[in-house]
Amino acid sequence: MLNIKKISLNVAVALILPCAMFAQQADQPPAKPSKHMEAHIGDLTGHSEAGAKLYYRYCWGCHGARGNGDGENAPYLNILPRNFVAAVFKCRSTPTGTLPLDSDIFNSLYRGLNFSNMPSWKALTAQNRADLVAFVKTFSARWVAEKPGDPIQVPPEPALTVASIKHGGELFQKLECWKCHGQEGRGDGPSASTLTDSNDQPIRPYNFTTDNRAKCGRTNSDLYKIFMTGLDGTPMPSFADVVKPEEAWDLVHYLRTLQYNNPSPELTLWLSTPEGKAIIEAKKVENTNTGSGVKP
Amino acid sequence: MDSLRSKEIQSDLARVGKALLYSSIFLMMFLVDCRPATALPAFARKYGLPCSSCHEAWPMLSPFGQQFKDNGFQLGNDRDAPIFQQAGYWPITFRITPVWHRESTSAAPVDEGNGQAKITTSGFDLSGLDFHTGGTLANNFSFYVLPSSDNTASFHFESVWARLDNVFGTPWINIKLGKFELDNLLSEKRILTLTNVGGVYENYHFQPFSSPGVAENYTFGIGDNQLGLEWMGHSADDRTRVSAALLSASDGTVGLPTSRGYGGFFAASRAFEIGSLGLQRVGAFAFLGEEPTYYQYNLTTTSTIGTDSLGGPVTSTTTTPYAGTGIGNKLIQRYGLMGMWYIKKFDITTIYFHGKDNAWLGTNTPAVPLAVLPPGAHAPSWNGALFESHYMFNPQIILINRYELDRMSQQAFSSNPGNLSNADVLTFGARYYPFISSRAGFAYHAEYSIIWQKGASPTFNQLTTSSLLFGFDFDF
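So the protein sequences, as listed, match chains A and B.
Residue 1047 is where the first sequence starts when you use our numbering, and the numbers rise one by one after that.
Residue 8 is where the second sequence starts when you use our numbering, and the numbers rise one by one after that.
In short, the hints are calculated from the structure, not lab data.
Any given hint might turn out to be false.
[Said to hold, decoys possible] The calculated lysine to aspartate or glutamate pairs, modelled on EDC-like cross-linking and capped at a C-alpha distance of 20 angstroms, are: (1) K1212(A) to E1293(A); (2) K1220(A) to D1234(A); (3) K1290(A) to D1234(A); (4) K351(B) to E1321(A); (5) K1323(A) to E1230(A); (6) K1290(A) to E1216(A); (7) K1099(A) to E280(B); (8) K1329(A) to D1268(A); (9) K1193(A) to E1084(A); (10) K1212(A) to E1118(A); (11) K352(B) to E1095(A); (12) K1168(A) to E280(B); (13) K196(B) to D157(B); (14) K1220(A) to D1287(A); (15) K1168(A) to D157(B).
[As the list claims (entries may be wrong)] Partner residues are not named here, just some residues of chain A that face chain B (Cβ under 8 angstroms, in silico): (16) E1118; (17) G1158; (18) A1169.
Owing to the predicted nature of the structure, the values given are computational and were not obtained by experimental measurement.
From the three backbone atoms N, C-alpha and C, an ideal C-beta is built for every residue, glycine too.
All chains, please: the whole structure from these sequences, using the hints.
Structure, rendered in structure tokens:
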């Protein structure tokens, strides 16, 4: 004879228990920013308490007292200051959508972010910068709830060849980089004028002809990481899923030839070929130096 | 009833006590002084950085501000050139300080008695007005122009220079031409103290008496802006800094007022980290220059200054050296070793000075051909020290203390008292910045400074001079 009461109880438990579990999860308070954070960069350990004092000396004017990017200068900046509450960072060595490593933020502080108002803070001590990284992490609950992504692997750079440069050029077309960056890498592609960042602010694609400093570094490895991780918060996506590592290096080699005002091994090699020389010569337009740092 | 009355009285006394306490606290904060020498809100406005970024307490620079200055007022991003600024942007800042101050001197010359008396005066006053304008003309071309007035608005050019920055793309080559502050790590133009006594570094201007009551004929101060050409180089992170400057022997006065003499100023320093204490810096400087001992031509001017009892004219004759005719140049030397030590919120700067003047200059003897020095003449030399400490509660409040001393090691004449010219200066100050902004600067300033100098009174005894000052120091 079936024990109706027992079955009913079991069914009830079977139904209620998951609900209770979910309910328990739902009742859990969301992660809150931690008042104490540490940052670990090599042998350095940064402490948020020390970083707070530095932040309210150097950083709050742009990033705001609450770290949400609404400092008193924010209305006057045409690339808005980073919102640390959102914890979305452009320069990472981790996959798109993930938190950066402490060292990524630390390196951004040292290097500054070209084409923005964020200067280099290399005049500060390394300990100061580590403390600032720790404090920046106190603004967002993401640093409590999530761990930084696993850093992408950067394979050794293959030998530089003309074939590599040419293949990089083909990828530039195939991946439609030109739509934003323009056929000559001047940042004037057909989509350029429509681009906005995560703050709904207009953003201009990188103009390769002006400088050899990209936003997140100037080395070939930095360039490699930029398009394998993407620049979160900007229209620049990650190409990690569509580009093989060796192809990414080909693209790096090609992009260097677009920086025809800045000597590089890639440019030298490209100029040594009749085809490359003709292309570069055609790109160069002599003009008067305006002193602005922007080369024609 | 009496008990109730007593309680009321106690309550009133408690309120009065609290009021006095709060008033005292407010007064203390109010008195906290700050005088930014060359803080430039124009830069803060350009880059959107709070003044506390570049200044530990304006106008004293932070390592970040020092790097910005050394890099030609450039942060190193693409916003440095003025082409990126709005066309209406004009990099200009003005600074002036209304004050109340009290000045006291122990022995001022007077008409009556023994010819000297203690004089104390006080009242409301103004500082001079500075118009700072500086920035970049283009990438790696920077400039600075500072028309400065006294408190009657009589202007002169305190500083005017243009600089080629990062020549050949290296931070080790920067060339500056014009009138500029020497590469003093402890900048007198960014001094945090404002009084007549404490507003300058005594050691930066110290010159011994030739004999009691007689000053040396020439004037030179390494704290003064000088006319010349400077090469300066620094590492990318500004930890290492070196400079050399060729200067005219004019102490910064335009019009070649003295001679065709030149001087050289050399400075080098290196910063290093000590754990969590912060950035420490040690350095050295040297100045070797020449000054004329006499002039080939002196302009004699006779003017009528009144009439005598018979109605006849009373005339006054003055003799002034004619510009550029100085000759008989002799050597002056200034050396220093310095350390800037940071222990979290506390920092102290220590400097050892040594100075020496040629005997012809020290004794005011014209070095005409075949001339000989007077009997007992020596090359005067001296040693000095400076200790300036700061305690920074936070970027808004700073306490300042400074002690300087000068001790003669060789008098110009054997007959001089051994301690003639010896000086001690003690300064206390505080500044409170009620807001930290990227648009303007304001500070409550309070300061007391006193100097004792041997042989400086009208009767060649010790002269004691003190200054007390409260003011509003602001720039925009």
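Hints and how they fare:
1. Our distance criterion of 20 angstroms between C-alpha atoms is met by K1212(A) and E1293(A), whose separation comes to about 11 angstroms.
2. Restraint check for K1220(A) and D1234(A): satisfied, since their Cα atoms lie roughly 18 angstroms apart, inside the 20 angstroms limit.
3. Simply put, K1290(A) and D1234(A) have alpha-carbon atoms about 27 angstroms apart, too far for the 20 angstroms limit, and the pair is violated.
4. A hinted pair counts as satisfied when its Cα atoms are at most 20 angstroms apart, and K351(B) with E1321(A) does not qualify at roughly 60 angstroms.
5. With a C-alpha separation of about 14 angstroms, the suggested pairing of K1323(A) with E1230(A) holds against the 20 angstroms cut-off.
6. Taking the CA atoms of K1290(A) and E1216(A), the gap is near 14 angstroms; set against the 20 angstroms cutoff, the hint holds.
7. Distance hint between K1099(A) and E280(B) is fulfilled; the C-alpha atoms sit about 18 angstroms from each other, no more than 20 angstroms.
8. Proximity of K1329(A) to D1268(A) is assessed by CA-CA distance (about 25 angstroms); at most 20 angstroms being required, the pair is judged violated.
9. The straight-line distance between the Cα atoms of K1193(A) and E1084(A) is roughly 13 angstroms, inside the 20 angstroms bound, and the hint therefore holds.
10. Restraint check: the Cα-Cα separation between K1212(A) and E1118(A) comes to about 48 angstroms, which exceeds 20 angstroms; the hinted pair is violated.
11. For a cut-off of 20 angstroms, the pair hint linking K352(B) to E1095(A) stands: about 14 angstroms separates their Cα positions.
12. At most 20 angstroms may separate the alpha-carbon atoms for a hinted pair to count; K1168(A) and E280(B) meet this at roughly 13 angstroms.
13. Taken as a hint, the K196(B) and D157(B) pair is honoured in the structure, with Cα atoms around 15 angstroms apart against an allowance of 20 angstroms.
14. Between K1220(A) and D1287(A), the direct Cα distance comes to roughly 15 angstroms. Compliance with the 20 angstroms bound is thereby established for this hinted pair.
15. With a C-alpha separation of about 39 angstroms, the suggested pairing of K1168(A) with D157(B) is violated against the 20 angstroms cut-off.
16. For E1118(A), the interface hint holds, since its Cβ comes within 8 angstroms of a Cβ in chain B; the closest pair sits about 7 angstroms apart.
17. For the restraint placing G1158(A) at the interface with chain B, the shortest Cβ-Cβ distance is roughly 6 angstroms, inside the 8 angstroms limit, so the hint holds.
18. The beta carbon of A1169(A) is positioned within 8 angstroms of a beta carbon in chain B (closest approach about 4 angstroms), and the interface hint is therefore held.
In this structure, the hints that do not hold are numbers 3, 4, 8, 10 and 15, in rising order.
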